[in-house]
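Undergrad: Now for the letters of each chain:
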Amino acid sequence: MKYQSQKVAYAYFLVAMGLFAIQVMGGLLAGWVYISPNTLSVLVPFNVIRMIHTNALIVWLLLGFFGAAYYLVPEESEREIFSVKLAYLQLIILVVGTLGAVGSYLIGIHGGREFLEQPLWVKLGILVAAVIFLVNISLTVLAGKKTAITNILLMGLWLLSLLWIFAFINPDNLSLDKMYWWFVVHLWVEATWELVMAAILGFLMLKLTGVDREVIEKWLYVIVATALFSGILGTGHHFFWIGTPSYWQWVGSIFSTFEVVPFFAMMSFAFIMVWKGRRNHPNKAALLWSLGASTVAFFGAGVWGFLHTLHGVNYYTHGTQITAAHGHLSFYGAYVALNLAMFTYAMPVLRNRAPYNQVLNMVSFWLMTGGMAFMTFTLTFAGTIQTHMQRIVGDYYMDVQDQLGLFYIMRFGSGVAVVLGALLFIYSMLVVRREVVKPGPIAQPGE
Amino acid sequence: MSEILTKSRARNVFYGGSIFFVVVFVALTVQSHYYITNKSTAGMELTDEVVLGKHVWERHSCINCHTLHGEGAYFAPELGNVMTRWGAMDDPELAYEILDGWMKAQPSGIEGRRQMPYFEITDEEMRGLAEFLRWADQTDTQNWPPNDAG
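Read top to bottom, the protein sequences are chains A and B. The first sequence begins at 1 in my numbering and counts up by one. The second sequence begins at 1001 in my numbering and counts up by one.
Among the clues, some could well be false.
With a straight-line cut-off of 20 Å between C-alpha atoms, the simulated PhoX-like cross-links for lysine-lysine are [what the hints assert, rightly or not]:
| no. | chain 1 | residue 1 | chain 2 | residue 2 |
| --- | --- | --- | --- | --- |
| 1 | B | Lys1104 | A | Lys145 |
| 2 | A | Lys207 | A | Lys2 |
| 3 | A | Lys146 | A | Lys2 |
| 4 | A | Lys7 | A | Lys207 |
| 5 | B | Lys1007 | A | Lys146 |
| 6 | A | Lys2 | A | Lys123 |
| 7 | A | Lys276 | B | Lys1104 |
| 8 | A | Lys145 | A | Lys207 |
| 9 | A | Lys123 | A | Lys207 |
Derived from the structure by calculation, the hints contain no laboratory data.
Construct the entire structure; sequences and hints are all you get.
TA: Next comes the structure, spelled out in structure tokens:
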């Protein structure tokens, strides 16, 4: 750790991992309700469980981003964070808001726009926390060295914070409500968050591979250009069937098809940098997560997104388990795995020790990734059958769901693997104090 | 490639292009806003009753089980066309009666069946909710969903 104030990131990562555990256990519970629907049906109905599952995810990913920013900006700008106190104050506001939101969900107080269910005071708290963050980090960057990584990171974080304004705009007209709702939801995960992702991935590549900064930064600008050029008008793929004009069917189909490009580029970027890099960094687990994140993001967001993004296909698949399959793998690959890559890289540095426990960490990568892949496959099969029975044949929703039981059982099984993987990850980060498996002797070059 | 595409050129393409696409997007959004208010949702008046129904819909977070125009959770049936499915699209009184009867019969308590919670909803709110669902149903959604099953 070069700069004392980087330590702030440690607190952010700890809280993020706590919420990560809550998120996956909430998901497991929701998966269980699919199999045994009477579970908790009066005490904590499905809608509340799902709210906790999705909200915990979003908040912990954001905490991970904030933590990553507090970690990497001092190194990039070559100076301490403007105010460590403000950074902790921001964290406290977010923790109080999160606990408040979960508490009020459990007693039945919540909004009714998906993902934006937080009570108004929590939404305002998030806004205040975002402003504190932006001031704090911007003043740090402005006073120090400016790099492409901090440029892109800041641009992503500024834009996503500005878009949060739309969380407060809820028109009475349902179709308008839906249109502006996507300004937060789509323009977060399919535009501004991609900027944050690219910046963090760029930073990790810089540290792990030792490739020249100039090369990395040029790649970064190309990647984020393709992200915004496709992602902004790609919003149109949500404007097919909500009362918006029909031209969105073509605008949305064409531009969202190109949304595959930035994810393919990020995957290529990661592999090429590792290939070119001459540095043999000791933290192999961080490297695995970095490569894994960009690869799974390509499949989850890119391939599974394209699968149902053309309006002729989406007409039949819209709002089925196909969407759920895509949602799970894309969030896992693009944002969960990337955050875990950053934690894996930064935690040993923050705790001032060698990266122990790598084998356990890498096992957790395969458990989680395998589990998520299997979950995606089962939901895709379920969604295919659902699309056919419900949208083509015209069978009623619940009759169709009754036929999908086997897939939901398999989905629950894959969820167990993911939860075990997540807990193992947290364990390997926080508890293990020595290497579990001894590395072999340094190999001599072959003949 | 490295001579033509320098870092500063890549950066300028990124900034310039992004501004261009934001401008196009905002223009299309403005047009869509007017299209929604004047055309696609203009078939039925957005009355206070409908607005009340929307608030009821939100307060109970129906979206975290059901879908509405295909958006939401995938745990319970699509409701954007529920009034068509019930044959109550053109009859507000029938719409209210069926909805009221359905909601008051929940939860079914049947073992192995997905459970819808019981919600404390006044008569006035129930009428609002029925009107809100009728209002959503009349929206021109480009003929989505493909059939009444939703």
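Undergrad: Can you give the numbers of the hints that this structure goes against, from lowest to highest?
TA: 1, 6, 7 and 9
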